[in-house]
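Chemist: Residue numbers (the numbering used here), protein chains in the order written: chain F, 929 to 1449; chain Y, 1213 to 1887.
Keep in mind the hints are simulated off the structure, nothing from the lab.
Small disclaimer: the values here were computed from a predicted structure and weren't measured.
All residues carry an ideal CB built from backbone N, CA and C; glycine is no exception.
One-sided excerpt, in silico: chain Y residues whose CB lies under 8 Å from chain F:
#1 F1299
#2 R1310
#3 R1320
#4 D1338
#5 E1409
#6 Y1410
#7 R1550
#8 Q1750
Just a sample of chain Y residues kept apart from chain F, beta carbon distances all over 12 Å, derived:
#9 T1248
#10 T1436
#11 P1511
#12 E1603
#13 F1869
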Amino acid sequence: MKNMDPVLLEVYRHRFIGISEEMGVTLQRTSFSPNIKERLDFSCALFDGAGKLIAQAAHIPVHLGAMPASVKAARDAYSSWHPGDVVILNDPYAGGTHLPDITMVTPVFGLAENAPLYFIATRAHHADVGGMTPGSLPLSTELYQEGIIIPPVMVYEKGVLNEGVQALILRNVRTPKEREGDFAAQRAAHTVGNKRLSALMSQFGEEEVALYARHLQSYSERIVRAAISSWPDGVYTSEDILEVKENARIKLKLTIQGDRISFDFTGTSGSMQNSLNAVLSITQSACYYTVACLVGEDVPMNEGCFSQVHIDVPKGSLLNARPPSAVAGGNVETSQRVVDVAFKAFAKALPERVLADSQGTMNNLTIGGISEEGRPYAYYETIGGGMGASLNTDGLSGVHVHMSNTLNTPVEALERAYPFRIKVYSLRKGSGGLGQRNGGEGLIREYELLRPATVTMLSERRSHPPAGLFGGKEGETGKNMLIEANGEETELPAKFSRVFQAGECLRIITPGGGGYGPENE
Amino acid sequence: MAHRDEVGVVGIDVGGTFTDFVWRIGDRLQVLKLPTTPRDQSEAIGDGLGKLNVGMQAQVMHGTTVATNALLERRGARAALVTTKGFADVLAIGRQNRPSLYALSQQRKPELIPASWRFELDERIDAKGKVIKPLNRADLDRLSEMLQAKQVESLAVVFLFSFLNPEHEREVADHLATVLPDLNVSVSSELLPEYREYERTSTVAINAYVQPLVAAYLNRLKATLQKRSIFVMQSNGGVLSLESAARQAGRLVLSGPAGGVVGAFEVAKRGLDTSAPEIITFDMGGTSTDVALCPGVLPRTSEGFITDLPIRFPSMDIHTVGAGGGSIARVDSGGILRVGPESAGADPGPVCYSRGGIEPTVTDANLVLGRIPKDGFQGGGMQLDLEAAMEALASLGRSMNVSPFEAALGVVRVANAVMERALRRISIEQGFDPRSYTLVPFGGAGGLHACELAEALGIEQILIPRYPGVLSAWGLTIADSTFDASATVLLDSQELLARPELLEPMYLSLVEKVNQGLLDQSTEPSFQAWFDIRYKGQSYELEIPVDLPFTASHINLALDRFYAMHDRRFGYRLTGSRVEIVAMRLQGKHMGAPLRQEELLREVGGAPIMQNERREVWLDSAGEQSIHFWNREDIQPRKDFMGPAIVGQYDATLLVFPSWRVSSDRHRNILLRRM
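Same shape as in the complex, but just chain Y:
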């Protein structure tokens, strides 16, 4: 992917409402938003590429919600599961807990793979990896007949302790590859050779469940895009070739919010002029808000969830809370003001959208306070009904004996409290001091709440990207292509220090897996490794970077990092206690092309949305203030000014509180500094 500059690269991010395009060729950049075509996401994509005149040589970097939606709506394949005898129900039992503590009637979501499609084979490998019950060939024949009879499209194979000994899983996969060559088979020892049978089964079942659907979608997309090369965003924030994505579709499930974090991180590298920016990203949407802390690197986790299902492919460590612009505010029977988790969503949406919403939302509150211009929403393409919003807030105010404005201020404050708790959880609770971090808000509403949240957390600096509304698509154009693989180690650190060569065979097999996943043999990828480490006897590991190659001194360095990280996150270290390396993780990476200074060609709907003028805005309960409205296009480098102010552009609004100084960098990002 070295020649992106000449052939051009287009980032396409499909969201619930809009499909965003960022098209970059040479030093030019173009932005487009089109309504998403939910029936087949590739329709809007083809349409957009035509409008942007994207050439056949161009690279397409794509973020899709096909896998995510298939899971959320349970529209996946006819998938089956094969397990060790006695364990077909592991997927249904989960961790044996009920979802809600105090609810007397509760339901689970339908199972991904129902009982009638879960099969057991009489085999067993023990906790040391020894076969104590071999597989029976006759059982394999019965299995393939059964799968055929039930017209199974996709199969997950998960045996106990296969992470120690993959022999049996491979036997099943090999047998089926011969007799049922068209069947998609997801094998746990290949996809996720890590211990904890439920989490592994869930991950592999998810892969099997979404894989046929994603493969079919990517095939359609390939037809639409013809000769253009296609890369797809994964949950880990890197892209994957279309062919690999089609085989390991489970790796896309949590990709939705990943592009935005990648974009914010790249923006911050340039805006803050460092290769390791320390930022907190803050993406406020309609129904939820995603936050992530990047301590100089993109945050990783292997403990992701999608609704109630664990998925253990590496993903960006992003925390989501149920508060967004559409969150509904109400006073409950005990007299407390609650905001969310109920949401008006996009339909009917906030009261001011005039689509039938009647309960006041955060967006309505912002409108009543004058913080969003009623005539300038989404490029002026949408008029907001201020009177209806005012009426809804007045009604809320009556139940608290306050004016509509005070009620609106309260709604914003409570929404901020929910988001502040999320920001605390990813910073202070993990041992990171947010005061030394820069907040990077994006999405349509992030900039409205950024100053108040920054003040609550003692954050001194806010960076607003040039294109906050299409940041995910922008992030796609510069994403690296990556592939993650892991292996179970389960060795004592002393043992490892004495014989670091024990890691060699695992490392080599991971390198091979990564190379296969990246599918690009033209250049050598760069590798990065992590260990999952814990004190012996603990159950949770910390993922610690380890330098390559695995020498005793590099392992020692990783152990020191572990002691420090455990202390930072949990407040103590156990000197003298034994330490266990549980797993090894390897990521291979082909870097995205470096960026040049970019020139904006055209923003669709990019007409100035408002004149520079003064308007009345509520910033606090002292009353309305007359503050300046700026058009984003008029914010130039070296022309600093102080808040309060509002800066508008076609898809986002920024509210600057007093005591914040506004400046712009040469990349046209806005930087706010607290004075």
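Looking at chain F on its own, in the form it has when it is part of the complex:
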């Protein structure tokens, strides 16, 4: 590779990240799903012609390892590409994660137009993709129940819409108009990315742009190698469980050796008859995320970050599920548990750098039914909680932790659009684990249903609390409460799907974070 100019490298870092961020702004500003426009549950990334990540805007960590898998699946499915092609997919077993996350992949060509020099990908969490329950995060036992499965398929060919494919998809979802708008928004983001990347190539030459894409990847690799080298060599183990009926244990053996690190999940339980199975790319995302956090510097996220990170997960285990295992919750819940397990192992190597368990769940709530005007609707949101404490700081309260960082939907936007009412949205005082530093506090959010609706809840840490670290106390467990019209309160399980009648309320109380170090006397 030609010599790297440290100045030009920085200039290109700005250019590449600038493009992925601009794609994100376009997608956010023009989409229709609350998940995308209000909660920012999406990612935008640039890849080289071989499908290696060059830049990803800092949006959602759970998409880190999963975006490259999507591009790979698209490239595996199609060997010949043309300008204007768009491949769409959500199949968890072919480049996807869980069905609501729909990814688009497009090629970017240079002057020659014989083979793509780059790929652009966007992934967005769509509010509904069909399946058993509105919002498409059901309590399922196999993938087919979770919604429409889209293998990598070309939805635009040379810029021309394959109307059959689009019609097939839209007929399988509850809110087709909204989906159509979101697809337009995703495609608009691709148009922007394509335009900017092409402009870069015509202004500075295809060769220079390609060269600095590679330089940027090796730059990240150097930073990560240097960081891992400074961590104490050794083998560190940890484990935790998921709150499901089956035996669901996650076991990790973490090995730091020189500038390499390996995550070995041998001993983890097999796939389950519920939706908390994770596909491999989810497990990878969670591991990459922990390394990115610990490296600490402002490293550009790309292929180079992960070349020294090796991840072994037994095939058919709950962290490397096989078809047709259900996976709706693996993305949102199991990924969080993998992060906590990984930090627990790292705690033995880098005690001053890690944090105690955070809320360890995204408290996924979907509500669906028929609106007053007779239209079906599907609403999805996730709720923040306590972040774990670390050596020098208390955990943040009422935030999304680790693999998610989505925003809440304003109550004044939500109540105008859906037939329910928020009665309480507050911090859950005293729920963070005490310690030398305290864990962050959870949240309380209470919903009153104004019309009958199917409510589905996917949550964790309802019976096993987030642990403290080095003598810090554990955070409070979460609770899901049913409040009937007469005021009677009943605790609901961590995972449930239930038809609520008008006037019934659901109160979700989210977990606090664990404390760090013994509490001062």
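Add chain Y to chain F, keeping to what the hints say.
Modeler: Below, chain Y without anything else, positioned relative to chain F:
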């Protein structure tokens, strides 16, 4: 404000280091810079007015950072918040996201209003504006007792859906006005009747938090200025009477960079001889750079932020990046050259300031390259230490295996990349082609980087104002006085087209609000209106000008503008989709007096800073070139010449690259054209 010419007008802009004065009476103009008096900004102001001999009839137009600093330093009032039951924590929870994605230990800034001062009242209005839980009088009495017991100075009142039905908020305000007449009360349905509870709460809380402090400051100022009439710069680029500013202090929070954009826009009107100049302003300071795109009008936004807090009063749409003259350059462990965001600021400042700075900054790089004269900085009042800067750049160069000069060129290039990204964000990313725009640099360092940035963006023309170092104060002297008010509409466009009269009551109430805010009943203000519009189902609106009165044809015209703007910014239009008018905005305006040809009386420290001579300067890696140094005073109209050249004046330096032609207009602005 019609007689400014005879009585004189003085623009006073308070910055972190200097307080700038521009005093204009008749056709004369005078400029003064004094050190800011941070403890009480009015001290330097009184001092300056004495030095300039400003008469008692003069109008004072003032840009102050009192509100901004109170927020940044969390030195505001003992403020409390009253909310709907169940929602006292909205302010603390925010949008439920964490500030940094990958940081394992992170902290938020202290809350403006801590939990113990946030109170809930058992009331509720639903999403259609219907009261479903009425206010309880007994609760109001308990509230006022509590506020008294806690010695609360200022109160924010924010109930859910008050933008649809302000009844409950008004009841609280009326009750408190009777029992606690001295309490400052900020009511959300009056200040910002717009949906999204967190953003509204944050805005109203900010107003409550800074209001007592700002009011006290403006009172002191009034005493200092005696009979002179006082207007204060707002975030929206217009001035507001002192009395209105004291009541709605939140409107001043983002005013800092606004005066400069107003000034640049006015300079461009005259320099480019058009009433609707298309310019990009570029204000490079010590720690950050502010850029704004004016597509023939001043750019507006209602989505401002101050640090982590949203503030939704209309403000100038100005984008800030953390790169300035004091930004520190270093090579990180992966071998990349980074510039900023760490800054040496004003203290210790760049290495060449000899105040203890040891890491090389952008200013040091410019000095090493010969682009800033070491003996002519800030009116010659400051000697720069070239050797120390050279040593710092040499050390940086060693870590990249290059000479100090190449390292310095690299530092400038990376700083330019950061600023270029900012300029792209406000132009290309919004659908505006910068190549048809004129770049207007100001601030001390803007002119040093203007040519390189213009070249990177394909900009063909650069306009350098006559007074780049005091442009904000100059802008103040000609600012219009304005007041903005808004109302939630939330109506389908078809409905509105069928019954445009639905807007009438809202419009009338906004007119009344604006008239109250302007406080000047002597003449009728001119009005301008905007709609916030989106495709039904989207969450973000575009602010689109709409002509008055609200007839079906004017509404249709606004809709066409919306389709075109959405297409321009996002690349598509959804024909056949329903469109929603979310909000109506109205601005009332009293125009500032028109300008005359002005004659410079005196620049303080205005002695020629350098002789016309040749010096050695690095423009690129080819090596030093001998280029001409001009004194700004010697640049005359009709005497064009080609770059390379350096043009110096007492507070700013302009670096002209080869292939740029330098000319001067009759207002003594400099115009660079790329040949």
